[in-house]
Amino acid sequence: MRWALIENTVVANVVEQDSQPQIPGVWVECGNAGPGWSYIGGVFETNQPPVIIPIPPAN
Amino acid sequence: MSIARTNSLSQSSSGIPLLVTTITSGTGTFTPQAATKWCKVTVVGAGGAGGAGGNVGGNYSNYTAGYGGPGANGAFGSFWIARATNYTYAVGAAGIAGVIASNGYPTTSTAGGTTTFSSLTSSGGKAGVIGSTASTSSSAAWPIPVIAASSPYGVGGDTSTAAIGYGTGGGPGYPNGVGTNGSSGLLIIEEY
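Protein chains in written order, with the numbering used here: chain A, -10 to 48; chain B, 150 to 341.
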């Protein structure tokens, strides 16, 4: 399972291991959340708006 | 957690490490052997996932879709450090590819996790961007996506094919399809 390191309501890092990490830090099981996501009130959300490939110029 | 250790019959004075430890996931505390004087540590961040391709179903049926972007490789580097009693480490997790949501639009993929060994850090790769759509009346031509970024320890994914090895980016999604996950980070500790 994936575990997120939470720093100031933001996912600072994500690791994968069977049990909760025992090294220092606040580690929360995070599903498919990734670095840079927010973690507020027990909910992970991506606060990064999706980056969309711009439409190429017409020929 | 995955850890592999390989003993060498040679002494460190010969230039061959006494012990090589490879860690490909998880967190923990690493304790060098008592005879170790120096450690050469290679730190590789995880690869970002490929972005999903643009969607042309449902509300987008009159559109033509582009490919997603490839995932980036994690940063990497090798460092010599003097022996200490122990070190904490974390191996970054692979970036996870987005999905096609219930509204038909692709969701954001995630970046790779950072790999750390004591104060040494290699950042994870960024996720690929989401493919866009254009009206079929447009004469725009979508660029063919490049293969996702490789690392010295693996090969990046091609269009919707998996990343191989460690620290590599996931393949970009094809139109109306998702990309692939990146690959995990890596730690190699050579004890001398």
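Hint data in this document are derived by calculation from the structure and do not stem from the laboratory. Quick caveat, the model's predicted, so the values are computed rather than measured. One should not assume that every hint holds.
Coverage of chain A stretches by chain B, computed from C-beta distances (three or more under 8 angstroms per stretch; other residues unrestricted) [unchecked claim]: (1) -6 to 6; (2) 21 to 34.
What follows is a list of derived Cβ distance ranges for each label pair [to be verified]: (3) 184(B) with -1(A): 36 to 44 angstroms; (4) 186(B) with 31(A): 41 to 49 angstroms; (5) 18(A) with 295(B): 18 to 26 angstroms; (6) 228(B) with 12(A): 17 to 25 angstroms; (7) 180(B) with 30(A): 37 to 45 angstroms; (8) 12(A) with 171(B): 15 to 23 angstroms; (9) 232(B) with 31(A): 17 to 25 angstroms; (10) 154(B) with 11(A): 35 to 43 angstroms.
Virtual Cβ for every residue (Gly too), placed ideally from N, Cα, C.
Hints versus structure:
1. Against chain B, the stretch -6 to 6 of chain A contributes 7 residues with a C-beta closer than 8 angstroms to a partner C-beta. That satisfies the three-residue criterion, and the hint holds.
2. Residues of the stretch 21 to 34 of chain A with a Cβ under 8 angstroms from some Cβ of chain B number 6, which satisfies the need for three, so the listed coverage holds.
3. A hinted range of 36 to 44 angstroms for the beta carbons of residue 184(B) and residue -1(A) is consistent with their spacing of about 42 angstroms.
4. The given range of 41 to 49 angstroms is respected by residue 186(B) and residue 31(A), whose C-beta atoms sit roughly 47 angstroms from each other.
5. One distance hint, 18 to 26 angstroms for the beta-carbon pair residue 18(A) and residue 295(B), is violated here, with the actual separation near 34 angstroms.
6. A hinted range of 17 to 25 angstroms holds for the C-beta pair residue 228(B) and residue 12(A), which are about 19 angstroms apart.
7. Hint check: residue 180(B) to residue 30(A), Cβ distance near 39 angstroms, so the stated range 37 to 45 angstroms holds.
8. At roughly 19 angstroms, the beta-carbon separation of residue 12(A) and residue 171(B) lies within the given 15 to 23 angstroms, and the hint holds.
9. Separated by about 42 angstroms at the C-beta atoms, residue 232(B) and residue 31(A) break the suggested range of 17 to 25 angstroms.
10. With their beta carbons about 20 angstroms apart, residue 154(B) and residue 11(A) fall outside the hinted range of 35 to 43 angstroms.
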